[in-house]
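Just so you know, we're using the working numbering here: the sequence shown kicks off at 16 and counts up by one.
Because the hints were derived from the structure by calculation, they are not lab data.
Computed from a predicted model, the values in this text were never measured in an experiment.
Quick reminder that beta carbons are idealized off the backbone N, C-alpha and C, glycines included.
A hint or two may mislead.
[As the list claims (entries may be wrong)] Distance condition first, Cα-Cα at most 20 Å in a straight line; then the derived DMTMM-like pairs of lysine to aspartate or glutamate:
#1 K121 <-> D135
#2 K224 <-> E161
#3 K110 <-> D88
#4 K87 <-> E225
#5 K110 <-> E132
[Said to hold, decoys possible] Ranges between beta-carbon positions, derived for each pair:
#6 L182 <-> P251: 22 to 28 Å
#7 Q242 <-> P102: 28 to 34 Å
#8 P199 <-> Q242: 17 to 23 Å
#9 H190 <-> Q242: 30 to 36 Å
#10 G195 <-> G60: 18 to 24 Å
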Amino acid sequence: MSKVVSGCGAFLTIALLAACGGDDGGDGGDGGGDGGDGVDCGFEGDDYLPYAVGHTWTYRLTDLDDGERATKDQVIEPEMNHPDYGPVVVQVTGKLNGETISLARKEGDRVLRFQQEDRDATGALERTTIYEPPQIRIDESSEHLEVGAEWDEAYTEIVLDPDGVELMRLDTLDHMEILGIDDPCDSPMGEFSCLRVRRTRLEGGVAEKEFHFARGIGKIREVGSNQLEELTACAPLGE
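Given the sequences, and given the hints that come with them, work out the whole structure.
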């Protein structure tokens, strides 16, 4: 059984698997079966996170506790000029019963997120989170692309209700560590050579995640305490 929830620009499909149930194919749509080095998303450049308008990614999510699966789309929509942040792109990511809309920008070697909106399945705003200073999605500076490199990222999360009333401020400290450069990693699309980054939240909650990025493609895998994300498709918008 499956359920499709649509929003303004992304969707999430939840697939309920039988105890012995089969796989969902995992052939990765347009790129499936080509293997890591053979996958071409059609993106320009060889950054570990090619972040530009029109780029789309699709991920298979697996709940590591009960095996439930979902499919998440992510798309980078056209740039806007924000009164507080200046020029930013709009990233729309599907989630169960809605979507998240992030305002982000690539600055030099870093991709920064300034703000995130959580919206329900009807598109109604649930809450807004502002990051001060901006939260990094990836840092590709030379000093942070060496195995064993470690550093901390500190920022404050300011959570607002739909009327803009502040609900909470949370001081957050993330410890970042480079575990590998061009290490083998796989997804339903095939095997890739990946940058492996571990993020450990030291303040503002307790969480640890590991991210795998491939040059010219983006995030291949994300592993948390109870969820696995794996890339199944990627393409310029509309392809």
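To see whether the hints hold, each was checked on the structure:
Of the supplied pair hints, the one linking K121 and D135 is violated, its CA atoms being roughly 27 Å apart against a limit of 20 Å. For the proposed pair K224 and E161, the alpha carbon gap of about 19 Å is at most 20 Å, so the pair holds. For the given pair, K110 sits about 8 Å from D88 by alpha-carbon distance, which is consistent with the 20 Å threshold. A C-alpha spacing of about 18 Å is found between K87 and E225, which places the hinted pair at or below 20 Å, so the restraint holds.
Proposed proximity of K110 and E132 is supported: the alpha carbons are some 12 Å apart, at most 20 Å. For L182 and P251, the hinted distance range of 22 to 28 Å is not satisfied, since their beta carbons lie about 38 Å from each other. Between Q242 and P102 the beta carbons are some 32 Å apart, a value that agrees with the proposed interval 28 to 34 Å. At roughly 22 Å, the beta-carbon separation of P199 and Q242 lies within the given 17 to 23 Å, and the hint holds.
At about 20 Å, the CB distance of H190 to Q242 disagrees with the hint of 30 to 36 Å. Look at G195 against G60: about 21 Å separates their beta carbons, and that is inside 18 to 24 Å.
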